[in-house]
Amino acid sequence: MLTQETRLGLTSAETSAVRDLLGREPNDLEWAIIDAEWSEHSSYKSSKALLRLFPTTGKRVVLGPGYDAGVVDVGGGYVATLHIESHNHPSAVDPYGGASTGIGGVLRDIISAGSRPIALLDILRFGDPEKSGHSRWLFRNVVRGIADYGNCVGIPTVAGDIEFDESFEKNCLVDVACIGIAKRGSITLGEAKHPGDVLMLVGGSTGRDGVGGAAFASKNLAKGPESDRTSVQVPDPFTKKLLLESLLEASRTGLIRAMKDLGGGGLSTCLSEVASKGGTGVDVELTRVLAREPGMTATEIMTSESQERMLLMLDSSGADPVVRILDKYEVQHSVIGKVTPTGAMVLRWNGEIVADLPAKVVAEAPLIPRESRRPSSIPQAISPTGASDVEDSLLTLLSSPNISSRRWVYEQYDHEVGLRTILKPGAADASLLRLPNGSMLAVKADGNSLQSSLDPRAGAAGCVSEACRNVIALGAEPIAMVDHLQFGDPSDPDVYWTFKESVEGIADYCRKLPVPVVGGKVSFYNEDASSKRAIKPSPIAMVVGLMPATDRPVRSALHGAGEQILILGETRPELGGSEFARRVLKKAGGAVPVPDASSDSRTFKVVRRLVRSGAASAVHDSSRGGLSVALAEMAIQGGTGLKVDIAKVPGENLSTIDALFSESHGRFAVTVGSRPKADEILGRSRVPYSYVGKTGGRAIQFAAGNRAVSKIGLDEAKDAWENTVPRLMQ
Amino acid sequence: MRTNIAVVRFPGSNCDLDAVQALRMIKGVNADLLWHEERSISDYDAVVLPGGFSFGDYLRGGAIAAKSPAMERVSKVASSGRPVLGICNGFQVLIEAGLLPGALLRNTSLRFVCRWVSVRVENTHTSFTRGLRKGQRLRLPIAHNEGRFYASPSILNRLKDEGQAVFRYCDEHGRVSDAANPTGTIDNIAGVCNREGNVMGLMPHPERASEPILSPDGSADGALLFESLIGWLNC
Chain P
1 MLTQETRLGL
11 TSAETSAVRD
21 LLGREPNDLE
31 WAIIDAEWSE
41 HSSYKSSKAL
51 LRLFPTTGKR
61 VVLGPGYDAG
71 VVDVGGGYVA
81 TLHIESHNHP
91 SAVDPYGGAS
101 TGIGGVLRDI
111 ISAGSRPIAL
121 LDILRFGDPE
131 KSGHSRWLFR
141 NVVRGIADYG
151 NCVGIPTVAG
161 DIEFDESFEK
171 NCLVDVACIG
181 IAKRGSITLG
191 EAKHPGDVLM
201 LVGGSTGRDG
211 VGGAAFASKN
221 LAKGPESDRT
231 SVQVPDPFTK
241 KLLLESLLEA
251 SRTGLIRAMK
261 DLGGGGLSTC
271 LSEVASKGGT
281 GVDVELTRVL
291 AREPGMTATE
301 IMTSESQERM
311 LLMLDSSGAD
321 PVVRILDKYE
331 VQHSVIGKVT
341 PTGAMVLRWN
351 GEIVADLPAK
361 VVAEAPLIPR
371 ESRRPSSIPQ
381 AISPTGASDV
391 EDSLLTLLSS
401 PNISSRRWVY
411 EQYDHEVGLR
421 TILKPGAADA
431 SLLRLPNGSM
441 LAVKADGNSL
451 QSSLDPRAGA
461 AGCVSEACRN
471 VIALGAEPIA
481 MVDHLQFGDP
491 SDPDVYWTFK
501 ESVEGIADYC
511 RKLPVPVVGG
521 KVSFYNEDAS
531 SKRAIKPSPI
541 AMVVGLMPAT
551 DRPVRSALHG
561 AGEQILILGE
571 TRPELGGSEF
581 ARRVLKKAGG
591 AVPVPDASSD
601 SRTFKVVRRL
611 VRSGAASAVH
621 DSSRGGLSVA
631 LAEMAIQGGT
641 GLKVDIAKVP
651 GENLSTIDAL
661 FSESHGRFAV
671 TVGSRPKADE
681 ILGRSRVPYS
691 YVGKTGGRAI
701 QFAAGNRAVS
711 KIGLDEAKDA
721 WENTVPRLMQ
Chain A
1 MRTNIAVVRF
11 PGSNCDLDAV
21 QALRMIKGVN
31 ADLLWHEERS
41 ISDYDAVVLP
51 GGFSFGDYLR
61 GGAIAAKSPA
71 MERVSKVASS
81 GRPVLGICNG
91 FQVLIEAGLL
101 PGALLRNTSL
111 RFVCRWVSVR
121 VENTHTSFTR
131 GLRKGQRLRL
141 PIAHNEGRFY
151 ASPSILNRLK
161 DEGQAVFRYC
171 DEHGRVSDAA
181 NPTGTIDNIA
191 GVCNREGNVM
201 GLMPHPERAS
211 EPILSPDGSA
221 DGALLFESLI
231 GWLNC
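Sequence lines, in order, name chains P and A.
Residue 606 in my numbering sits at position 606 of the first sequence, and the numbers go up by one each step.
Residue 208 in my numbering sits at position 208 of the second sequence, and the numbers go up by one each step.
Simulated from the structure, these hints should not be mistaken for lab results.
Using N, Cα and C, we set each Cβ at its ideal position, and we do this for glycine too.
Mixed in with the good hints there might be a few duds.
[Claimed, not checked] Rough simulated footprint, nothing fancy, chain A against chain P, three-plus residues with beta-carbon under 8 Å:
| # | stretch |
| --- | --- |
| 1 | 152-165 |
| 2 | 407-421 |
[Stated by the list, open to error] Mimicking DSBU-like on lysine-lysine, the simulated pairs with C-alpha atoms at most 30 Å apart in a straight line are:
| # | chain 1 | residue 1 | chain 2 | residue 2 |
| --- | --- | --- | --- | --- |
| 3 | A | 76 | P | 328 |
| 4 | P | 45 | P | 131 |
| 5 | P | 500 | P | 277 |
| 6 | A | 67 | P | 328 |
| 7 | P | 183 | A | 27 |
| 8 | P | 643 | P | 586 |
| 9 | P | 532 | P | 586 |
| 10 | P | 45 | P | 532 |
[Said to hold, decoys possible] Estimated spans, in silico, between C-beta atoms of each pair:
| # | chain 1 | residue 1 | chain 2 | residue 2 | range |
| --- | --- | --- | --- | --- | --- |
| 11 | A | 218 | P | 586 | 42 to 48 Å |
| 12 | A | 135 | P | 655 | 39 to 45 Å |
| 13 | A | 135 | P | 512 | 56 to 62 Å |
| 14 | P | 353 | A | 72 | 35 to 41 Å |
| 15 | A | 72 | P | 673 | 58 to 64 Å |
| 16 | P | 550 | A | 72 | 48 to 54 Å |
With the sequences and hints as input, model every part of the structure.
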């Protein structure tokens with residue numbers, strides 16, 4: 001049974017490397033362990049070298065990438081922990097179970113850092129819901145899976161991002177990010193630093209579900225996804241809740257030196273990484289692992305990805321108080337071994353050594369240099385202009401599944417449990433959480449796969465720019481980000497080129513803004529094996545922003561009639577990859593919006609000043625759909641109309657279509673009650689701005705100078721924007 | 001004199017800390033979080049069963065917690081006339097334990113619903129509503145999957161006659177209507193009490209509506225329920 005099958009994931013170069021490094025032929029169990037840990041999913045062998053380009057330090061960064069979670073200082077002795085995960089392959093075959101267990105995974109990362117999870121974000125990508133019943137089925141069940149799991153464990157799901165594109169038809173993306181909070185001193189690292197420490201496995205029992213999951217995630221989906229369903233783990237949020245509460249209580253004893261969650265690669269990955277990172281070894285008796293079913297082999301135990309398990313490293317003198325707490329919550333536990341000074345990962349079966357591998361060899365797969373080549377298939381610049389009816393276009397955009405209200409989704413998520421959610425989903429550009437030190441944390445995640453497919457460098461930087469804008473719009477200061485990079489098969493040079501461009505784009509933008517990258521994740525092989533079609537490149541950025549207790553956040557809804565409307569930032573003719581091009585012109589191609597970190601940085605400062613001074617009454621960033629959609633959303637949310645002269649929009653040689661629908665980055669729509677205070681701030685800045693109109697009435701009206709361009713009643717606009725998703729999902 | 005309130009934490013409770021936090025903001029309250037196995041539950045002046053998914057809500061919302069030894073102690077508190085409040089999952093537990101009438105079914109949408117709604121106060125003679133006005137509109141959030149109250153016609157008539165339907169979902173003008181009913185609950189009922197008025201359960205979360213900063217419109221109507229409770233205990 002443990003023959004070639006178990007090492008299918010390794011290349012021939014890798015199998016020779018293993019033999020060279022060990023100086024011998026590994027046995028079948030050892031092959032299986034190396035196969036799990038050297039999978040792309042666990043080792044980052046295709047991406048690690050490029051990821052070093054990211055700026056990872058900053059005045060608030062406590063811990064950057066490389067651990068279970070990034071850690072940033074939020075003041076008053078507190079830190080926030082951030083992590084992002086995906087469960088794409090499992091969700092494509094079992095959307096409910098896959099989405100649920102994805103949350104389980106990211107929660108464990110936050111808990112193992114010694115922090116309490118306080119918020120979840122979900123970033124979802126599906127095929128076209130208007131055409132594909134399969135995509136609607138995935139969408140419905142992914143949302144339900146997230147809801148049932150997140151709601152049950154009692155962590156609010158506060159924000160996210162959803163995009164529909166036909167390239168996700170077979171390979172949906174289900175990303176989940178989590179934010180935790182802790183006192184600075186209570187952060188633990190997933191390292192076994194102290195020989196003699198006890199290794200205790202706690203939580204769920206180890207079963208045959210998810211066996212080989214990391215290897216599963218490191219290949220393209222086979223023809224019949226149903227055949228892979230046993231590779232999906234079984235969700236159990238109730239056990240997770242008990243695990244979470246018991247570990248948080250146990251960590252207050254001070255006896256837990258380190259924790260490490262069991263995710264992809266199961267015990268193989270977990271044990272080799274804690275030993276390798278800590279510069280130690282481990283000696284583990286596998287028969288002491290609590291098995292869910294009789295007859296499990298050593299290989300199954302080592303590669304099982306059963307959920308809700310955590311490895312604790314305990315001071316050898318004091319397991320008892322920890323055991324008492326675990327018993328109270330009826331959380332299973334078993335001492336499976338100890339930390340040794342040898343550097344070896346020694347596994348025993350009834351005392352007899354069945355595997356003996358240097359932990360560093362297992363944990364550090366050789367990196368694979370990948371070839372990259374600019375694909376010839378990227379559509380060249382076309383000019384996506386042409387006469388089209390503005391009213392029809394705007395309604396088409398407002399009712400686009402990519403733009404319309406997400407209420408159908410976020411109402412299924414408990415976004416309030418924990419008494420921290422100050423600004424809830426739908427109220428503003430980002431959600432805002434109260435922290436125990438009195439400050440507030442704004443959170444949002446964004447991505448744009450269409451633009452990334454046309455220009456991966458600009459598209460990837462653009463999603464960081466957009467997530468920052470969303471946080472800035474409330475008045476918060478971006479302090480850190482985590483990214484999630486999702487692509488097809490990295491051995492395809494065309495795919496790898498898009499990956500490389502994306503990494504460089506993000507690195508460059510973050511360095512200039514600046515905002516540090518404190519963690520992230522890479523997911524390759526998002527391809528459908530039968531059609532050989534990869535997803536569009538899908539980088540995602542989650543940004544967190546800090547706001548002092550004394551500041552008052554602003555929302556995106558208009559505040560009533562008679563206010564001035566201000567547009568900040570320059571509009572350029574950048575319709576490439578816009579929702580207008582996709583949905584109205586039905587053309588791919590054209591000049592994609594290119595974010596400019598230095599001008600963004602200036603604009604962001606002005607927006608924050610406008611909010612902090614009280615001059616701004618509502619702020620909304622311009623993103624999908626451009627300024628027309630941004631303004632329409634503000635009007636719909638506020639129940640107040642507006643009239644705007646688009647000839648006044650800052651920018652050069654803009655057509656009506658450019659001014660309304662271009663998706664240039666770095667722009668905000670702001671309403672201002674009284675001008676003098678705003679003018680003082682604007683006058684001192686070098687940011688392009690213009691007063692373009694006023695709020696009031698019952699319609700969304702655009703004019704170009706004296707020429708009326710469009711007029712849509714508020715109710716009609718509201719119906720298009722609010723009811724699209726509910727109608728699709730009836 | 002301080003009022004001692006027990007918030008019972010079952011495995012799977014998840015609004016327990018929130019309830020403690022909201023109660024502690026009320027003057028004169030000592031709120032303790034008690035693990036469900038603790039015997040001292042029956043020594044408290046009042047008991048709150050918080051929201052969440054007790055015992056994973058496997059089987060049915062609240063069904064397993066209702067059979068736990070903790071509920072024998074809670075019953076003792078209830079039968080002595082002391083106030084017992086069940087919020088969301090706590091409401092489900094009280095119904096499953098037979099301390100409140102009716103049943104809670106899955107929402108007609110078959111989806112979890114998390115939303116701020118309005119409820120109208122229909123009875124001001126309970127331990128939790130005596131400080132309120134009949135017909136008063138409260139802004140509170142709901143967050144549940146199984147909150148559609150149901151009772152047979154005879155029980156429903158009795159509930160109405162005795163004023164046991166304490167809260168009903170209404171619109172922003174205080175009108176009870178189908179459009180204002182978020183879950184398909186019978187007669188728009190959002191909360192009920194026992195005949196004596198000392199045991200009450202409701203689906204909305206008053207603990208989430210106890211601070212202006214957490215509500216969309218700056219209200220803090222949830223705190224009014226807790227203040228009523230303290231007022232009742234101290235009179």
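Of the numbered hints stated earlier in the document, which are not met by this structure? Violated hints (numbers, rising): 4, 12, 14; every other hint is consistent with the structure.
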